[in-house]
Structures are given as C-alpha cells and as structure tokens.
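Construct the entire structure; sequences and hints are all you get.
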Amino acid sequence: MHSEQASWGLRLAAWGGLVFLHFPILVILLYAFNTEESAYSFPLRGFTLEWFAVVAGREDVLQAIILSVKVACLATALAMVLGTLAAAALYRRDFFGKESITLMLILPIALPGIITGIALLSAFKSLGIEPGIFTIVVGHATFCVVIVYNNVIARFRRTSHSLIEASMDLGADGWQTFRYIILPNIATALLAGGMLAFALSFDEIIVTTFTAGHEQTLPLWLLSQLSRPRDVPVTNVVALLVMLATMLPILGAYYLTRGTETVAGGGK
4 MHSEQASWGL
14 RLAAWGGLVF
24 LHFPILVILL
34 YAFNTEESAY
44 SFPLRGFTLE
54 WFAVVAGRED
64 VLQAIILSVK
74 VACLATALAM
84 VLGTLAAAAL
94 YRRDFFGKES
104 ITLMLILPIA
114 LPGIITGIAL
124 LSAFKSLGIE
134 PGIFTIVVGH
144 ATFCVVIVYN
154 NVIARFRRTS
164 HSLIEASMDL
174 GADGWQTFRY
184 IILPNIATAL
194 LAGGMLAFAL
204 SFDEIIVTTF
214 TAGHEQTLPL
224 WLLSQLSRPR
234 DVPVTNVVAL
244 LVMLATMLPI
254 LGAYYLTRGT
264 ETVAGGGK
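Residues in the sequence shown are numbered consecutively from 4, following the numbering used here.
Derived from the structure by calculation, the hints contain no laboratory data.
Zero decoy hints are in this set.
Computed Cβ-Cβ distance ranges for the label pairs, DEER-style:
| # | residue 1 | residue 2 | range |
| --- | --- | --- | --- |
| 1 | Cys76 | Gln179 | 27 to 33 angstroms |
| 2 | Arg14 | Leu247 | 25 to 31 angstroms |
| 3 | Ala16 | Ser103 | 38 to 44 angstroms |
Below, a list of computed lysine to any residue pairs in the SDA-like style, where the Cα atoms sit at most 20 angstroms apart:
| # | residue 1 | residue 2 |
| --- | --- | --- |
| 4 | Lys101 | Ala89 |
| 5 | Lys73 | Asp206 |
| 6 | Lys128 | Gly216 |
| 7 | Lys73 | Ile136 |
| 8 | Lys73 | Ala248 |
| 9 | Lys128 | His217 |
| 10 | Lys73 | Gly135 |
| 11 | Lys73 | Ala59 |
Using N, Cα and C, we set each Cβ at its ideal position, and we do this for glycine too.
If you want it as structure tokens, here you go:
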C-alpha cells in the first residue's frame with residue numbers, strides 16, 4: 004500500500020522553490036522599514052516608518068497611484084462586460100467559427116506582452132489615436148477580458164439551463180431572467196474575474212510602456228526609479244504597496260472560485 008504523503012526530498016524541493024520565489028519579496032518588505040537611506044546594507048541599521056510618510060507626501064507617487072487605480076477600474080469594467088457577453092454567447096452553442104473566436108479571446112494573454120504592446124501601438128497609430136489613458140485602458144482590457152471570460156464560462160457550465168427555461172416559462176422577460184436567475188449564479192465568478200483583472204491591470208508594465216505615451220502609471224514610475232539610487236527606500240515602500248494591491252484581489256478571487264478546478268473552462 005502506497006503512502007499518500009510526499010517524500011522528504013519532494014517536500015524539501017517544494018519548500019526550496021517557495022523560498023526561492025518569495026525571497027525577493029521578503030527583501031523588499033524588510034528594506035521598506037530600514038533606516039538606511041540609500042543602500043541595501045545588512046544587517047538592517049534599524050526599523051522606521053519614515054518612508055511611508057515620505058511616500059504619502061510625494062505628489063508624483065500619488066498621481067501615479069490615482070492613474071493606475073483609474074485605469075485598472077476602467078479596464079476591469081470593460082473586461083467584465085465583454086467577458087461576460089462572450090461567455091454567454093459561447094458556453095452552450097456550437098457554430099462555425101466558435102473555436103476561432105475562443106482563440107482570439109485567449110491570444111492576448113498567451114502572447115508575450117511586448118508583441119501585444121507593439122501590435123496595439125501600431126493599431127492606434129494607424130487609426131490616428133494618440134497614446135494616453137484611453138489607449139492604456141484598451142490595451143489592458145485586451146488581456147483582462149480572458150480572465151473574466153474563463154471564470155464566467157466555467158460558472159455558466161455549472162448552471163442548469165433548465166432554471167433559465169423555467170424562468171421564461173413562468174413569464175419572466177429577458178431582463179428579469181438575467182437579474183433573478185443568471186446574475187445570482189454567476190455573481191461570485193464575475194467578482195473573482197473582476198478582482199483578478201484589476202490585479203493584472205494595476206501592475207501591468209510591458210503593454211503600458213507601448214500605450215501610455217506621456218502618462219505614468221505606478222509600474223512605470225517604479226521603472227523610472229531604477230536610475231535614482233537615493234530613492235531606494237521610497238521605491239521599496241511603493242513596491243510593497245503594489246504587491247499588497249495585487250495580492251489581496253488574487254487571494255480573494257482564489258477564495259471565491261475554489262472548488263471549480265474540475266470544471267471545464269475553469270482555468271484560473
């Protein structure tokens with residue numbers, strides 16, 4: 004009879020991989036509270052919250068945060084609408100070209116970000132659209148749609164179509180059926196998809212680099228800080244805030260969608 008427990012070697016390898024992946028995050032966390040101003044000195048010279056106050060008083064940081072939140076909210080809202088409509092159209096019906104449409108939905112997140120960014124920039128230039136907030140939102144929405152689509156289509160497949168038919172048979176119109184039957188069934192999947200889309204949009208940098216123009220989101224601000232070694236503590240604090248802002252929605256989405264791993268189309 005085989006034991007269900009993993010061997011010590013496998014456990015050690017797993018824990019080693021986790022430490023390797025999360026060690027850089029731990030370094031940023033520690034040095035965000037370091038009293039040393041301009042260098043990664045070890046051991047830490049002391050513990051301070053001074054840099055959080057500095058970040059709160061930096062106008063450029065606050066403007067970058069506001070822009071990132073605005074872009075993420077708009078891109079998420081657009082992705083939730085388009086992703087839900089696409090899932091509703093594709094989850095049950097078979098028609099010519101369905102696989103091609105599915106591929107086009109998934110392609111932006113499967114392609115390297117630099118390819119997506121160049122393609123979007125070329126498209127905007129050919130249409131005479133100058134890079135700005137609009138182009139950033141559209142660029143982010145292209146890969147956020149598939150996140151919402153995957154979550155919602157998995158929930159649609161778990162929802163019995165007989166509920167919809169019964170609602171219509173009892174005299175409900177399309178809006179009432181959506182409001183009282185469909186929406187309650189897909190609500191958590193829709194929310195989880197939206198949270199994941201927000202997290203992806205908030206820390207996106209590659210596509211943003213090609214579509215931002217003169218705008219500066221928070222990830223672009225962090226990138227520009229690499230040439231300013233005297234701002235290392237401030238950069239660490241901002242990086243820590245970005246990690247928290249992206250980690251919490253991902254954890255929330257995981258909690259809302261756990262148990263759907265075996266559902267077709269339920270990719271996370």
